[in-house]
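Undergrad: Chain by chain, the residues run as shown.
Number of protein chains: 2
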Amino acid sequence: MFYNQVGNVALGSRLRMLSEKITEDAKQIYSLYGVNLKPKWFPVFYVLSHSEGKSITVIANTIGHSHPSVSKIVREMAKEGIVMENSDKDDGRKNIVQLTEKGKEIAVKIEDQYLDVNLAVEEALAQTQNNIWKALDEFEFLLDRKSLLKRVQDQKKIREMKNVSIIPYENKYITDFKQLNKDWITKYFKLEGADNKVLDHPKEYILDKGGYIFVALYKEEPVGVCALLKMEHPDYDYELGKMAVSDKAKGKGIGWLLGKAVVDKAKSLNARNVYLESNTKLIPAITLYHKLGFKKVAGQPTPYERCNIHMELKF
Amino acid sequence: MFYNQVGNVALGSRLRMLSEKITEDAKQIYSLYGVNLKPKWFPVFYVLSHSEGKSITVIANTIGHSHPSVSKIVREMAKEGIVMENSDKDDGRKNIVQLTEKGKEIAVKIEDQYLDVNLAVEEALAQTQNNIWKALDEFEFLLDRKSLLKRVQDQKKIREMKNVSIIPYENKYITDFKQLNKDWITKYFKLEGADNKVLDHPKEYILDKGGYIFVALYKEEPVGVCALLKMEHPDYDYELGKMAVSDKAKGKGIGWLLGKAVVDKAKSLNARNVYLESNTKLIPAITLYHKLGFKKVAGQPTPYERCNIHMELKF
DNA sequence: ATTAATTACGTAACTGATTACGCAAATATA
DNA sequence: TATATTTGCGTAATCAGTTACGTAATTAAT
Numbered sequence: 001m002f003y004n005q006v007g008n009v010a011l012g013s014r015l016r017m018l019s020e021k022i023t024e025d026a027k028q029i030y031s032l033y034g035v036n037l038k039p040k041w042f043p044v045f046y047v048l049s050h051s052e053g054k055s056i057t058v059i060a061n062t063i064g065h066s067h068p069s070v071s072k073i074v075r076e077m078a079k080e081g082i083v084m085e086n087s088d089k090d091d092g093r094k095n096i097v098q099l100t101e102k103g104k105e106i107a108v109k110i111e112d113q114y115l116d117v118n119l120a121v122e123e124a125l126a127q128t129q130n131n132i133w134k135a136l137d138e139f140e141f142l143l144d145r146k147s148l149l150k151r152v153q154d155q156k157k158i159r160e161m162k163n164v165s166i167i168p169y170e171n172k173y174i175t176d177f178k179q180l181n182k183d184w185i186t187k188y189f190k191l192e193g194a195d196n197k198v199l200d201h202p203k204e205y206i207l208d209k210g211g212y213i214f215v216a217l218y219k220e221e222p223v224g225v226c227a228l229l230k231m232e233h234p235d236y237d238y239e240l241g242k243m244a245v246s247d248k249a250k251g252k253g254i255g256w257l258l259g260k261a262v263v264d265k266a267k268s269l270n271a272r273n274v275y276l277e278s279n280t281k282l283i284p285a286i287t288l289y290h291k292l293g294f295k296k297v298a299g300q301p302t303p304y305e306r307c308n309i310h311m312e313l314k315f
Numbered sequence: 001m002f003y004n005q006v007g008n009v010a011l012g013s014r015l016r017m018l019s020e021k022i023t024e025d026a027k028q029i030y031s032l033y034g035v036n037l038k039p040k041w042f043p044v045f046y047v048l049s050h051s052e053g054k055s056i057t058v059i060a061n062t063i064g065h066s067h068p069s070v071s072k073i074v075r076e077m078a079k080e081g082i083v084m085e086n087s088d089k090d091d092g093r094k095n096i097v098q099l100t101e102k103g104k105e106i107a108v109k110i111e112d113q114y115l116d117v118n119l120a121v122e123e124a125l126a127q128t129q130n131n132i133w134k135a136l137d138e139f140e141f142l143l144d145r146k147s148l149l150k151r152v153q154d155q156k157k158i159r160e161m162k163n164v165s166i167i168p169y170e171n172k173y174i175t176d177f178k179q180l181n182k183d184w185i186t187k188y189f190k191l192e193g194a195d196n197k198v199l200d201h202p203k204e205y206i207l208d209k210g211g212y213i214f215v216a217l218y219k220e221e222p223v224g225v226c227a228l229l230k231m232e233h234p235d236y237d238y239e240l241g242k243m244a245v246s247d248k249a250k251g252k253g254i255g256w257l258l259g260k261a262v263v264d265k266a267k268s269l270n271a272r273n274v275y276l277e278s279n280t281k282l283i284p285a286i287t288l289y290h291k292l293g294f295k296k297v298a299g300q301p302t303p304y305e306r307c308n309i310h311m312e313l314k315f
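Sequences listed follow chains A and B, in order. Under the working numbering, the residue at position 248 of the first sequence is numbered 248, and the numbers go up by one with no gaps. Under the working numbering, the residue at position 313 of the second sequence is numbered 313, and the numbers go up by one with no gaps.
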């Protein structure tokens, strides 16, 4: 069968098809019992047969339909004399729907049908290994906790992370190092003197001073950079800085991989800690730093105007 | 949740709702991958990406849609430049659809999406006790073997049989005995002299001669009758006759219960066999006699014109 | 006490499927 | 070879739901 071959991508279509098949039979089942109800009326009818009048939106919410859907169904049922509509005395907007005498007669007649359908389905399900009701319950529970979309997004990220490699800086990446940083800085702030100095001469200002730079490649193309800078400070040994990830490569976990590489490097150098400066406007960056284990600390003097938050990761 | 409360009657609705939820997410998943496909196009797209051109009906049959549905989908996809249509050289009626270059590019792009969706769903399903795919397989298999309608019908019959009681004839049923028989005879044939004799005087012509009559009550109301008549014949001991079931009580297994009662009575009387006469036009009756164990035999002389088949049950 | 926001619900338009129907091409039959 | 039947597929109408939007009634805020 086609849907077994296609795989999980087509679960939606398959569910719809089974649903149609069942509804088709349902139509005939109603006529079998001489009950003049359309299958689509059933959820509304059921709600009303267990209560003394409910408003349109209340019905819609309990059965999980939109209110126009209920509105239409109620009108059809009213035409058949199964329900009657009255506006609420206290709230003129509300349309209170309840079963007529005829409707109540149907409610009695239909009891046998409930019994038979329940037994028929139960008997069938008893023969299965995987109970479809329970399967639906479980699957809906899982989707409630985390939507299909989110699950696929996560899977995408995991797969794409495999195409990302973090390598040590080489001189050929000098323009990428500058451009990637320039891009994000100018997007949110403006380039400062200190930026130009470091971005134009990474060797002199970072590497030669005992620092390190990492480059993230996505399918061999440089899409992110991050530096570990040596600090001359009594309390701090290293600083994480110049982290930049290209916009088109966002959402692949590249920032996390770069941060991890820098932190791991610092650890391997027996650093006591890593320090960093950022701006609270950069919410995704701050979130990332938290994930990496950084905590907010009181500020240090900094040459950068844009900096308004200071963080530290203690080993 | 509503649908758990309602029970099996609403399985169709519930499946549809989950299907909608999934399709909703699917829409966003496509855009996540920059693939310009509507979810509803997917089955058609999938078929085409695995073949070199197929006709509308062939696609419709493989994906289990109606052909107008495929026709519309193809037109939409053609408008987007994803597929192209050409009429078949050998058969001018056929519209052969295949992917364009653009379509093939999408087919490549979408591969990653297949992978991610599959893994995402599989990961979710791994956490369930009742696998929804397997549940669907099993349930569809069961429905293929016996439709939901048939299952409910059977259940209805079983329940209604419980409301049927088979009791010995009493004089107060004399009009029912006559009317029920008259109804079916005049519906298919015409009343004969022999009929009137027996129907007007059951005591004289049946009971006093060593025969028996049974009455079927449905909810205390007489809805069927059947007689076991003593025969004066070297080969046959008893005859099953005057079986009648009211139209409004058909499909409740009443005929079977009456037949069973008569046959059991004959057995308890140490009869060697039971004989009967009928007409091949009465297909449900003949089927019932077969179910009770009667077999066709060569005819005996009979006072009834309508009789064209003779059957015997040997103990 | 106004004014603004929210709520209830009806109408209209849209969506993704279906069945019904009709025409033309191909195939079977007399 | 002419006619009847079957097949392929497009168009139209329908169905069961949706979203979008407008209006009136109620409730909240100034």
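Hints are computed from structural coordinates only; laboratory data are not their basis. Just so you know, these numbers come straight off a predicted model, no measurement behind them. Mixed in with the good hints, there may be bad ones.
If chains are identical, the list can't say which one is meant, so a pair holds when it fits in one copy or spans any two.
Below 20 Å or equal to it, Euclidean Cα-Cα: the simulated PhoX-like pairs (lysine-lysine) are [to be verified]:
{"id": "1", "residue 1": "K157", "residue 2": "K27"}
{"id": "2", "residue 1": "K157", "residue 2": "K104"}
{"id": "3", "residue 1": "K21", "residue 2": "K40"}
{"id": "4", "residue 1": "K109", "residue 2": "K250"}
{"id": "5", "residue 1": "K38", "residue 2": "K104"}
{"id": "6", "residue 1": "K219", "residue 2": "K109"}
{"id": "7", "residue 1": "K134", "residue 2": "K260"}
{"id": "8", "residue 1": "K27", "residue 2": "K146"}
{"id": "9", "residue 1": "K219", "residue 2": "K250"}
{"id": "10", "residue 1": "K40", "residue 2": "K109"}
Undergrad: Taking the hints in turn, state whether each one holds.
TA: Here's how the hints hold up against the structure:
1. Within a single copy, K157 and K27 get their C-alpha atoms only as close as 46 Å, which misses the 20 Å cut-off; across copies the closest is 19 Å, which meets it.
2. In the homo-oligomer, the alpha carbons of K157 and K104 never lie at most 20 Å apart, since the shortest distance is 56 Å inside one protomer and 24 Å across protomers.
3. For the identical chains of this complex, K21 and K40 are neighbours both inside a copy (14 Å) and across copies (19 Å), given an alpha-carbon limit of 20 Å.
4. Proximity of K109 and K250 under a CA criterion of 20 Å is satisfied inter-copy only: 18 Å between copies versus 61 Å inside one chain copy.
5. With identical chains, the CA atoms of K38 and K104 are at most 20 Å apart within one copy only, with a shortest distance of 16 Å there and 44 Å across copies.
6. When the C-alpha separation of K219 and K109 is checked against a cutoff of 20 Å, the pair qualifies only between copies, where the shortest distance is 15 Å, while the shortest distance within a copy is 67 Å.
7. Proximity of K134 to K260 under the C-alpha cut-off of 20 Å is found in neither arrangement, the shortest distances being 42 Å within a copy and 41 Å between copies.
8. Taking the closest pair of Cα atoms, K27 and K146 come within 20 Å of each other only across two copies (17 Å); inside a single copy the shortest separation is 35 Å, beyond that limit.
9. Proximity of K219 to K250 under the C-alpha cut-off of 20 Å is restricted to the intra-copy arrangement: shortest distance 14 Å within a copy versus 73 Å between copies.
10. For a Cα distance limit of 20 Å, the shortest separation of K40 from K109 inside one copy, 18 Å, qualifies, whereas the shortest one across copies, 40 Å, does not.
Of the numbered hints listed earlier, those contradicted by the structure are 2, 7.
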